[in-house]
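In terms of this note's numbering, the sequence shown opens at residue 1 and continues consecutively.
In short, the hints are calculated from the structure, not lab data. Bear in mind the structure is a predicted one, so any value in this text is a computation, not a measurement. Glycine included, every Cβ here is placed at the ideal spot set by N, Cα and C. It cannot be assumed that every hint is accurate.
As the list claims (entries may be wrong) - Simulated DEER-style distance windows between Cβ atoms: (1) VAL75 - THR28: 19 to 25 Å; (2) MET49 - ALA110: 26 to 32 Å; (3) THR28 - ALA100: 36 to 42 Å; (4) ALA110 - LYS20: 25 to 31 Å; (5) ALA77 - GLY107: 17 to 23 Å; (6) ARG69 - SER14: 35 to 41 Å.
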Amino acid sequence: MTELESGGLRPFLSKIAAGKTLSQSEMTDAIGVLFDGAASEIEIAGFLMGLRARSETAQEIAAAARAMRARAIPVEAPQGVVDTCGTGGDGADTFNVSTAAALIAAGAGAK
1 MTELESGGLR
11 PFLSKIAAGK
21 TLSQSEMTDA
31 IGVLFDGAAS
41 EIEIAGFLMG
51 LRARSETAQE
61 IAAAARAMRA
71 RAIPVEAPQG
81 VVDTCGTGGD
91 GADTFNVSTA
101 AALIAAGAGA
111 K
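Based on the sequences and whatever the hints tell you, model everything.
So, in structure tokens, the structure goes:
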């Protein structure tokens, strides 16, 4: 049984706790564990806080983004459709730019 097969995020937590960075392959595997629901809430919290406390590298962030994009479900939408999302409800009293963007886009003919 490999370290990854032993379950959860433990092999990645150990490496992060030792101050080491994760390779692209390791980050891809870790994101897989997260997306597959194979980690406990405590492991997830430890993994994310460990990365943050150690300062995640640009390579780790890029590998995580690639892994998430690889698992993204494509959305079929009619030609010319515009989607906006924004900061509403973030609790930080920020300006919700998505509403303004939607009005401007609609004024320009977007549907």
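So which hints don't hold here, by number, going up? 2, 4 and 6
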